[in-house]
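Q: Sequence:
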Amino acid sequence: GTGTSPLWKETLPKLKVNGIKIQEFESGVGASDHTSFYLENLPVLHFFTGSHEDYHKPSDDSERINFQGILDVTEYIFELIQTLDSKPKLAFTKTKDEQRQAASFKVTLGVMPDYTYSGQGMRVDAVLDDRPGQAAGIEKGDVIIQLGDLKVKDIYDYMNGLGQFEKGQETTVVVKRGDKEFKKKVVF
-8 GTGTSPLWKE TLPKLKVNGI KIQEFESGVG ASDHTSFYLE NLPVLHFFTG SHEDYHKPSD
52 DSERINFQGI LDVTEYIFEL IQTLDSKPKL AFTKTKDEQR QAASFKVTLG VMPDYTYSGQ
112 GMRVDAVLDD RPGQAAGIEK GDVIIQLGDL KVKDIYDYMN GLGQFEKGQE TTVVVKRGDK
172 EFKKKVVF
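At position 107 of the sequence shown the residue is numbered 98 (our numbering), and the sequence of numbers has no breaks.
Watch out, some of these pointers could steer you wrong.
[To be verified] Result set (DMTMM-like, lysine to aspartate or glutamate): computed pairs, CA atoms no more than 20 Å apart in a straight line:
#	residue 1	residue 2
1	K0	E70
2	K85	E172
3	K167	D105
4	K171	D145
5	K176	D140
6	K158	D116
7	K78	D140
8	K131	E70
9	K12	E66
10	K142	E161
11	K85	E1
12	K0	E17
13	K5	E66
14	K87	E161
15	K5	E31
16	K174	D116
17	K97	D120
18	K85	D24
19	K176	E161
20	K12	E70
21	K131	D116
22	K48	E66
23	K144	D120
24	K174	D140
[Unchecked claim] Computed beta-carbon distance windows for the label pairs:
#	residue 1	residue 2	range
25	T99	E172	28 to 34 Å
26	D76	K176	51 to 57 Å
27	K144	K7	26 to 32 Å
28	D24	K174	16 to 22 Å
29	K131	D52	41 to 47 Å
30	R55	E31	28 to 34 Å
31	Y147	K174	31 to 37 Å
Rather than coming from a laboratory, the hints here were simulated on the basis of the structure.
Each residue gets a CB set at the ideal place from its N, CA and C atoms; glycine is no exception.
Input sequences plus hints: build the corresponding full structure.
A: Pasting the structure below:
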């Protein structure tokens, strides 16, 4: 939601709390609660401490909670509130790239994206068992840089790329592992 108020771009880069790195996505629309506020013309931000193999599964339990991440994000938000306290009311800006996050797809690789990654491509945070990604040999930490003919610059390219495939189709996924690139055959 960094594009939802001009104050975000002015304020966020100045905050240095616990090594938190802000990954900037301008859109106010996404797969979380912040979208509801954005749709009411309120500036938004979305904070996330990362995913894991059990994220959004019945096996996701209290021992998986990233307590240090929660403390770090809370401290960051506290600093942000203190910084904004002396400023006028946050101005709202409608963002242009809302449709980028509305990708729909019928297939999955069975990998969890690393939402904290800010480099080129889409880094894999987890590989789910018995899914196409695992069968193709994709590993945690791999960076997907191509899906079929589509160059993957970020998570949105990756999601849009998945939308081009149907169940049963085959394609090649190019991953970067360290400084080497590998081509992996995937059957969705």
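Q: It remains to establish, for every hint, whether it holds in the given structure.
A: Status of each hint after checking the structure:
{"no.": "1", "hint": "K0 / E70", "result": "15 Å, holds"}
{"no.": "2", "hint": "K85 / E172", "result": "39 Å, violated"}
{"no.": "3", "hint": "K167 / D105", "result": "14 Å, holds"}
{"no.": "4", "hint": "K171 / D145", "result": "19 Å, holds"}
{"no.": "5", "hint": "K176 / D140", "result": "13 Å, holds"}
{"no.": "6", "hint": "K158 / D116", "result": "23 Å, violated"}
{"no.": "7", "hint": "K78 / D140", "result": "47 Å, violated"}
{"no.": "8", "hint": "K131 / E70", "result": "33 Å, violated"}
{"no.": "9", "hint": "K12 / E66", "result": "13 Å, holds"}
{"no.": "10", "hint": "K142 / E161", "result": "17 Å, holds"}
{"no.": "11", "hint": "K85 / E1", "result": "17 Å, holds"}
{"no.": "12", "hint": "K0 / E17", "result": "10 Å, holds"}
{"no.": "13", "hint": "K5 / E66", "result": "15 Å, holds"}
{"no.": "14", "hint": "K87 / E161", "result": "33 Å, violated"}
{"no.": "15", "hint": "K5 / E31", "result": "27 Å, violated"}
{"no.": "16", "hint": "K174 / D116", "result": "19 Å, holds"}
{"no.": "17", "hint": "K97 / D120", "result": "19 Å, holds"}
{"no.": "18", "hint": "K85 / D24", "result": "17 Å, holds"}
{"no.": "19", "hint": "K176 / E161", "result": "7 Å, holds"}
{"no.": "20", "hint": "K12 / E70", "result": "14 Å, holds"}
{"no.": "21", "hint": "K131 / D116", "result": "5 Å, holds"}
{"no.": "22", "hint": "K48 / E66", "result": "28 Å, violated"}
{"no.": "23", "hint": "K144 / D120", "result": "26 Å, violated"}
{"no.": "24", "hint": "K174 / D140", "result": "12 Å, holds"}
{"no.": "25", "hint": "T99 / E172: 28 to 34 Å", "result": "23 Å, violated"}
{"no.": "26", "hint": "D76 / K176: 51 to 57 Å", "result": "55 Å, holds"}
{"no.": "27", "hint": "K144 / K7: 26 to 32 Å", "result": "27 Å, holds"}
{"no.": "28", "hint": "D24 / K174: 16 to 22 Å", "result": "39 Å, violated"}
{"no.": "29", "hint": "K131 / D52: 41 to 47 Å", "result": "20 Å, violated"}
{"no.": "30", "hint": "R55 / E31: 28 to 34 Å", "result": "32 Å, holds"}
{"no.": "31", "hint": "Y147 / K174: 31 to 37 Å", "result": "23 Å, violated"}
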